[in-house]
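Respectively, the protein sequence lines represent chains A and B.
Position in the first sequence counted from 1, then plus 555, gives you this note's numbering.
Position in the second sequence counted from 1, then plus 5, gives you this note's numbering.
Just to be clear, a hint being listed does not mean it is correct.
[Said to hold, decoys possible] Computed far set for chain A versus chain B, every beta-carbon distance over 10 Å:
hint, residue
1, Phe1007
2, Arg1055
3, Thr1334
4, Thr1453
[Claimed, not checked] Quick partial rundown of chain B residues pointing at chain A, CB under 7 Å, derived from the structure:
hint, residue
5, Ile35
6, Ser38
7, Leu41
8, Val45
9, Thr52
10, Asp108
11, Gly109
12, Ala156
13, Phe163
14, Asn309
15, Tyr312
16, Ile322
17, Gly386
18, Pro387
19, Tyr454
20, Glu458
[What the hints assert, rightly or not] Derived coverage of chain A by chain B (criterion: at least 3 residues anywhere in the stretch with Cβ under 8 Å from a Cβ of chain B; other residues may be distant):
hint, region
21, 1057 to 1067
22, 1083 to 1095
23, 1135 to 1143
24, 1213 to 1223
For the record, the hints were derived by calculation from the structure and aren't laboratory data.
Even glycine gets a Cβ: it sits at the ideal position worked out from N, Cα and C.
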Amino acid sequence: MTAKKIVNFSRYCGLFALLISAAAFGQSGDLAKKNKTGQDSLRSIINISDGLARTVLTQDDLYRGDEPNISASLHGKVPSLEVVKSAGDAGVGTYLRFRGTRSLMLESQPLFVINGIPFNSRMDGRHYGHIYVQSRDLDLNIADIETVEFLPGASSSAVFGSRGANGVILIKTKSGSPGKPNIQYRTRLGINSIPGSYPLQRLYGQGTNGAFQENYSRSWGVLLEDVKTFDHFTELKEAGTSFDNSVTVSGGNDFGTYHISAGNYRETGPWKAGSYYRRSNSSLRGKLTPTKKLTISGSISLMASNGDYLQKGNNLGGFLVGALRTPPEFDNRIYLDPETGTHRSYINWDNGWDKRFNNPFWVMHEQVNATDTNRKFGYIASEFFISDWLNIQYRLGADATDDDRLTILPPGTARNPYGLLRTDNFTYHESDGTLSVSAVIDPYLRKLHNSFRGSIIVGHNWNKRRYDNQQIIGEEFKATIGIYQFSNCRNVEFNEDMWRINTESFFGRLSLKMFDQVLLDGALRNDASSTFGINAPREWYPSIKGTWQFTKLRFLSGLPVIDSGTVRVSWGKAGLEPMAYWTLPHYAEAWSRAGGYNGIDKQTGYVIAGTRYPANLKPEVTKELELGSSVSLLNSRLNIDAAWFRSETNDVINYKDLPHSSGYTSILLNIAAIENKGWEITADFRAIQTSKVCLELGFNIASLENKIVSLNGSYGRYRHKEGYPVNSNNYDGFIQTGYDYTIWDDDGNRFPMDDIYPDVPPGTLYIFEEGYPRLGYLTQIWSDSDYDLLGALYGRLTLFKNLSVSALFDFRRGGEIMNGTKGALYSYGTHKGTEIRGQRYIFDGVGPGAGKEVVLDENWFRSGGNYFSGSEQAFLEDAGFVKLREISISYLLKNNFTEHFNLESITTRLSGRNLFTWTDYTGFDPETMRSQDGINMDYFNHPQTRSISLSLIFNY
Amino acid sequence: MLSRIVMFIYICTSLILISCGRDFVNAPLIEDSPTLVNRVSPEELITAIQPNAYYTIQESAMPLLMWMQQINGIAAQNWNLDGYRVQYVSIPLRRLVDNFYRDGGLIDIRIATSLALEQNKNHLAGILMMWEALLISTAAEYWGDIPYSQAVNHDIEFPKPDKQSEIYTALHLLVDTAISEFESESKSYDTSIDYTYNGNTQYWIGAANTLKARMYLNCAELDFGNYQKALDCANRGISVNWKCKYSLNNGEHNFWYHYQQTRWGYITAGGFIVDLMLERNDPRTPFYFAPNNNGGYSGGYPQNGSYNNSFISETGIAAPDWDADLVSVVENYFIMAECYYMLGNEYDAINSVEQAHALIESINTYRIGSLPRYRMSGLTGPDLLEVIMIDKYLALFLQPQVWSDWRRTAFPIFTITSYDQPIPRRYPFYYVGAANPNMPLLPYPDNIYKRNENDPGDPVYPGKTINQ
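Next up, chain B with everything else stripped away, as it sits in the complex (with noise of 0.2 Å):
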């Protein structure tokens, strides 16, 4: 009998032991570690998506500045970046192209707009849709077709490009639909971590309208309706600057103040724009250029640089505490110049231009006093176009604009280009590691001379000479 309930007990406390329950293997504490962190709110990420947005488009838009000839590298892989031989920094342009998806790109957006959406978030919805068409088209306007359509998707291992058109199709259904967030019922958020504009939806609205715009503007070549579009959308466009900061700490907002402290001698200034601003007496220039060597100002032309040229003004443009723009009221007024212009109202497009230039004075961080108005008056048909427009390239100095802007309108003409090549057009990819089969790996050179379809050919001017 004695043995038997020693069995029995024996029996009853082995089964107890074993029983771990359905939940010994998943149970919450298991599955979830500890230390690392597997749910994040939609305001963390945004705290992280915004620097990485403003450093990627400013980083990602070097090579192209020097191609501009706002900047002149001479060191490192800027040097090759300034000759054009990008095939030399592949591994750089790849990391480029990485920040416009991951590290608080495109994958990290979604999340945090769907996020936002779960938790009626509207608002800060809204917001980070902005993010993503700034950021797209960004990429969109540096590469050209881009994935985006399948891209940050679990089930695709290889996103397949979009046309360049068709990803700004898309943008603009999504800056219309953060509107309509910024226009509807919203949760509270703590709108401090809105860096731009502290959760003033109105200005968040002002910006969508100008950056339609922009979207508008570089299609304009494949349709022509286009211009009048982004007339519209500047008409309601941006009241207050997008501007971008890495946090809400002073003296980290500047990308170029940084990168310039961190790799001294790698870029200076470019010759062709302050040549260009020493000709028209340009009071900007101590605002962007410090003086060289020889007090004076000085830049480098592509692949003849030097230590000894100006850099970027630290007491200026790349001051620490210098907030630069993504998209600004002077551009809008300049879209509209252009818009105006080839809709065939000069009347109005030197009036939007006017309309800059006052504004541009009224920045008192300039203390500029009145910019000159070169060659305006009397002028009339490509000349005025080219005025236009090399004024849109000064005033929009260190930003990516301009590029697509010269590829759209030829404007401003370089006369001196790396060994006489034409100037590339576009960013190529690479892969260093796994390679995308459905990306568009061109060989060098086609990869850069490869117009992507908003500039499918040159455009002419009768009586200019155009380098392209």
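Just chain A, same shape as in the assembly (with noise of 0.2 Å):
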């Protein structure tokens, strides 16, 4: 594993550090060429530190995750980062959150920042909810990136003010340096399937009450003897391909550097059809030296991508809510009327022209759930060296992105009988520039004491961001088949979404280096936004941060064990700002009052919003303290770096209700509170170093703990409650012990259910006469979906230098899923639990049902047993698990043949991503969220894949 805690000095500026030369400052160009190599880098953790250890990956470690974007690469690699790729389905997105959840309403993904310009990192189209939609970091191409930088929380990531409290992942990308050209080319084949099935029943076919019945959207009808059944799940998969190419050619001369690349990746998804993404991507990264003083550097990158998605979720027309729902004995297989070739689906309305739910093989053959996205980003900068200890620096950045999403659903689809013809246009622009001017002041500071060393920088950065959305549906196609145009729908609605944010920014840094063991940083931000309220126009950011090397100590130093030790305290204060126009009082179309009547068109009137939109609405502060300690012992062969960190999130802003005479039903405050604390630890131990065997082992683990501590009135959405963690859900469950229920006795008499069954522990079912629990309107179990334990485990065996093995396993523990899909399929009868139906049983609980013995029945599975109208309590699982996530061999290539060929190397890797997991979970995996923005509900969601490649990469 050569995921390296490492402190670069130069780093520390985030998104300006880039600007900032490496020759400025003196230790930290040595440190740029340490971190190059494992041992030193290693090492730097120790030696140097600007007050945080920060983990660094390199484009190596990315490619060991055998996917195609960076996020979903990083799973188990960064301590405290949270990685959910919802789905194994081509070209998904990927989620990702650093150290909790700090907002109930903004967005909790890390700022993505690359050469020191803002990344858009969007999942547009989200919550419409209907396909798994993309996440832009998907646009990288692996092959251009040098290293991957994290910053976990404000403590770190202060500097970028109010983009920063969620963290922030800086990506450098690889550049040529003079000498002689070197060509890379890699190319890699992968293989990606579903592992294992659905537990689905077949034994008992479509009807209820034991008899067949046409047309019955459930299979609690006869037992199936003699009738041939459909596995419905396995019948859809079919092993994916991946296939991804990629070119390098990088090289220079004093006058100037290049690096230019080229990609091409291509996917099938893990279905018989409808599921694929293809990218390209191409770029240049350049760098000229007209004069010694001067330096202009740029980069440019071009990505196309395109592909197409199936309905999924929560979704009547979803692929997996018609599959899995289907009684065994019906043969999807055949999706077309031979007669009409019309959709044929189990279940038809209105004649059978309006389907309930869809035929997966409909759903894959049929319908169209495209994307076509076109993205150019990159950066001009120039870099003037006033003297040997002042330089003047410009950095200037676009990224534009056009997102075109076009969805068909032909006449006969479920819930759009007639058809429908849907075009989304997701466009983002952001422009980003930063001056900032650098000063070493080592000649000032010598005069307090010889050993104080020091630079200060000052500068300016101002954003634009751009959003703009257009959606056109067409609705009820006038021709049955075939022509899909809005000229062919009998209605066509448009509707927009724009916004525009400008910020403006003034920072200063002051770094200093003391009695060379000590290092002290402050930093302040100031930044201006149009999201800001007029009445709080200027947000301050300031940051602190100072490590000790303990080791220098003079009893310490030559110690045989401890090679250097650090011990450090960093304290932050970032920000995330409100969303575009929350300040903005407005009004809203007035259709309402008669929109809910039939034959009443629309108002054309307008009336003010309905939420109150206050002119005083600030961003959203988090302030964290960090305390961390590492050492190096061993020769440096057991690195250790502790850290506990704690963050409070004030002004969180959320919805609190109004009385209706204000004229509002709600009005947006910065009134709620969230902590978030926990530890992190990483360790990295080279057990076998010799010259021709090394053996490296490695963990990091990270406790998280998120709480909402105030609400202060609000109440937001549903699920949030003061003390609770942000993302809890409230279920319900059956009557049980220790929720102040009441019960009588035969003469009426009312007594509390707990002081009659003091001796059982609080959450035991209360069981009827009847036999069964029942339903009750005070059980209110909150879920915590956040995990409250996660790393990796890891290692790495090289042998003759040539030959390495390596591994990763990931684990979570303590988040909880909701396993939605298997509580629907028990009320619809296929779900493989289903199949005990008749069988007897006894609820175990108190009351005067307690010990009789029942029938679970069609009767109990549709009322009490299921996740619509019983016990969502029954569906709560455990989602934690242990995951093989990756595991490869390569081989390099470097002798006479490689010679014979004019290559400096060639490496081959055979790897495999997920190959096995261990869960208690019982739907298809824990790591996955409907709304692509977490976990903790899983509703017909889609698998993941497990996936197995052989890659090949030239060196020239």
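Fit chain to chain and form the complex, with the hints in mind.
Right, here's the structure in full:
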């Protein structure tokens, strides 16, 4: 594992970090070199620190992830970083979260910064919910990436001000170096598939009460004897492939350097049809040094991608909703009616034209959910050395995304029996400019003490963002078949959503190194944003960090075991800006009054919006304290870093109800507070290190605790409750002890249930006379979907410097997930668990029916025993898991053979991903989320895949 | 030298690039959303205000119309309301309260009025004031003490309720201001957005006087002098009915048509009114009600309804193109009749009722010939008042004023109530979400039987047994 906790003096400044030449700071130039080699970079944890130890991944770490995008490649490699790729379909985006959730209404994903320029990693259209969407980090070609550095929270990301509270991911792309051209070609072929099947019953057919009923939605019919049945999940699967090719050329001379790359990625999903993703990348990065005092650098990257997706999740037109609910005897493979050629589904309404659920083969073969994306991003920067201690830099960057989507639901589709045509166009433009002046102030500091050194930076940043979404929805095709144009739709509706955000910032930073063992670092940023209220126009973001290299103390220096050690403390304040126009009172179309009644057109007038948007809305502010220590032992063969952090986010924006007489239903306020705390430990150990064998072992582990400290009367969404995590959900449950229920005796007297059963633990079911539990309105189960413990174990064995075997086990503990799929299928009678229908059962609990034997029949499964009308609590499951996330074997060929072909080396790698999962979760996989923003809800979500791939890297 | 030139150019260029200008974060195109509407005209607001007011007054009248037994609630929340079980329908009731203040309610009326006055569209401002007076006086009739003076004020998070009489005092001033606006010079505006009178200020002045007369009458128990004030206003009262429409589109005017179409089976005819009209052989019966399955007319009594009873006639008063009255000439005559009676002039009281009957008969839509002068001749004292009020009760079918009339006069006398409980006297306050600590959240059933200050006690009529 080459992920290293390193410290780079020059990287500190984050957004403008890469503007700052290492040459301006002697010590950081040394560090930059050390970081390129494994052992030296490990030692750098100890030797020099700016107050934080940070994880840095190299391109090789990302390649081992065997994923097309960097986010999905991060599983288990960064402490406290939650990575959720919600499904294994081709081109699915990935959700990231550092050190817990800090907001109730705003995004929790970290900010991406590439070469000093903010990078769009949005998941546009996610909340429409009908397909898995891409996250825009998919647009990056890993072949272009040199390093990825992680700033997990406000104590390290404060310099990013109003966009830094969720942490920052700093990406540095590859650049050339003087010398002969380096050419690298990488090709990779992978196979991905869904492991196993889904537990479906194949004993009982369509119908109810043990009898067949045509067009019935559920499978509570006859026992199927001598009837052919189908595995409605397995019949959909087909191994997908991925093919990744990239070539890079880099080189240069004293006047300039260059790095050119081109890549192409193709993937088909693990289904028989309807899921693919293709991407082409090209990029150029260069640097010119026309004079000794001036350097000009820049890059331009182009990306084009397209794909097709399957409808998913809580959507009657969804792929698995229809598949898993189909009675076992119905042959879904014949998805077109042989006589009419129209959609054939197991359930037909309205004389067969209106399907309640889609045949999954219809979804795969007939529906279109296509994306077509073009993107351009890059920067140009210049640096002028005014003197050997003072320089001035300017960096200008831009990022433009054009994302077109097309949905075609042909006539006959469930919920859209007459068809639907929809286009979405998402455009996102961001431009960013930073001026910074940096100075080495060693001469002035030496006047105070000979050991003092330092630097100072001041600067200015502006940033513009523009988002447009235009949506056209056409319903009811006039011509039944084939003409999918808006002119062929009876009803066409146009919607648009646009916003603009401008921000402007000043920043400064002072760094001091004292007594050759203490580093102090203070920074201050001041932000103005168009998203702030007029009464709160600017916000300050200070941070301070200190590191003490305690092993420099005389009595510790020279100890045989400890090579070096530091303790550090850092504190920072970072923010999350409100959404655009949250401070802008506005009007809404007044259609609701008449909208509920038939035959009344929408009104043309306007009314003031129901939510009051106050003029004094401020950014949400997170203050984080981090304490940490790093030690390097056994001649740097064992390196350990430990950190404790606690952050409190105040001014969290939330809705608060207003009395009706105010004229509004609610108001947006900076009102709530959230706490995140936890610890992280990272360790690397070179257990064996000889000239021929090297065995490296390591782990990272993090404990996270999230809590809503106060809502101050705001309610937000239904799931928020003080003292509970942000990602809690409120679920119904059966009547049980511990919830202040009252029961009656035969004489009509009332008694508290908990007084009658004082000796049973809370949560014991109350069984009624008939022998069943009943749903209780007082039972409110607050689930916690956040993992309490997450981390990874990894190891790498290198033999003869050529052969390398590595593995990474990823684990999560403590989160909960709602298995809504299972809960729904219990009602539909298609889940394997409903095969026990008719069996006798005794519910465990107390009460007059305790111990009574009952029959688990259709009535039970369709009343108390399912997710819709029964106990949701019964389907809440442990989301913990251990996965063999990565395993690979690689061989570096570098001998006469390669020389014969003028090659420097050839690397061959065979790798596997997600090959094994150990979990108690009874659904597909606990790593999923319906709306792609974390975990905790599985409702006909698509499963994860496992993959095996072979890659070759040719270096010239 | 070259380096210095390069440095100079570099620094100048950098400074130009950072010179975002003071407006960088609050430039018009940044501060204003490209898609959100943050500027509207008073005309755009009033086109939303009118249907909201109409809808709100009509829908929120549904519980009281059940309690006044003009309709019978037989399904969903209406079944509970019909049985006075308002605690089960707190969310619908809260939504009803909301609509008086937002989504085209008071907050939008105030904004529109302010804009109209800014633009010197005084007549339009007067119309908006009339809508405010109608909406708020209706809400005060329903709930009693409600927030008004502190309502829709950004500086006050929890508005305090005003006494109902204080609200009426303020509304009288508001209506007087509206009248003065109608009488003043005004910039022109698109009068077609005035669905009521197409900008005719004389019609509006008449309606303003009848609304004032109604408010005086509804506070008459507090001050007997209000009968004379009400009479004076009614004598200057309405000449063309104040009706409302959702829009100018045909077929979109009648709340009851759309309610029955969308919520079929939620309400039928009330048993009391049907039996009363059948007893009187009232020719308006087929205009009010559709024949039941047996071809006759029947209604349901509280908690004893049936789908087999008559629905509201969709070829008559619930026809899609029928415009319901909010303030009418007929009501104005009945206000005069009650005032004359209370002021001791029974002759003019009867005369006013006769004028109302004549007007009703003159409306071709009814095609009813002559209305029965049921027991009118020779009556005097409470018997005469009862007949006046029953005639008004029948004439103002589906109009919320009948509840105020009943609370004030105890007529009509309802012999059957839900499980023999008293008939509710007010709507309760219920909150889901933010509670206003200033509001009297009384426990059920106190909250529905507590009288507001306009009906401080039961009227007593010698020789009459009144079920309150």
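For A/Thr1453, is the shortest beta carbon distance to chain B beyond 10 Å?
holds (46 Å)
A cut-off of 10 Å on Cβ-Cβ distance, and A/Phe1007 was said to be off the interface with chain B. Does that hold?
Non-interface label on A/Phe1007 holds, nearest chain B Cβ at 29 Å vs cutoff 10 Å.
Counting residues of the region 1135 to 1143 of chain A that have a beta-carbon nearer than 8 Å to any beta-carbon of chain B, does the count reach 3?
holds (count 7)
Does B/Gly386 pass the interface hint, meaning its C-beta sits closer than 7 Å to a C-beta of chain A?
violated (43 Å)
Hinted contact B/Glu458 with chain A - closest CB pair below 7 Å
Check failed: Cβ of B/Glu458 comes no nearer than 19 Å to chain A, outside 7 Å.
Take the region 1083 to 1095 of chain A, compare each residue's beta carbon with every beta carbon of chain B, and decide whether three or more fall closer than 8 Å.
Contact hint for the region 1083 to 1095 of chain A vs chain B: holds, 6 residues under 8 Å.
Minimum Cβ distance from B/Tyr454 to chain A below 7 Å?
Since chain A brings no Cβ nearer than about 23 Å to B/Tyr454, farther than 7 Å, the hint is violated.
Hint B/Ser38 vs chain A: min CB-CB distance below 7 Å?
holds (5 Å)
Given hint B/Ala156 near chain A, where the shortest CB pair must fall under 7 Å
holds (4 Å)
Checking C-beta pairs, does the region 1213 to 1223 of chain A have three or more residues closer than 8 Å to chain B?
holds (count 9)
So, as I understand it, the hint says B/Pro387 touches chain A; can you test that by seeing if any CB pair is closer than 7 Å?
violated (39 Å)
Status of the B/Tyr312 interface restraint (C-beta, 7 Å, chain A):
violated (20 Å)
Hints 2, 14, 15, 16, 17, 18, 19, 20 from the list above are not met by this structure, while the remaining hints are.
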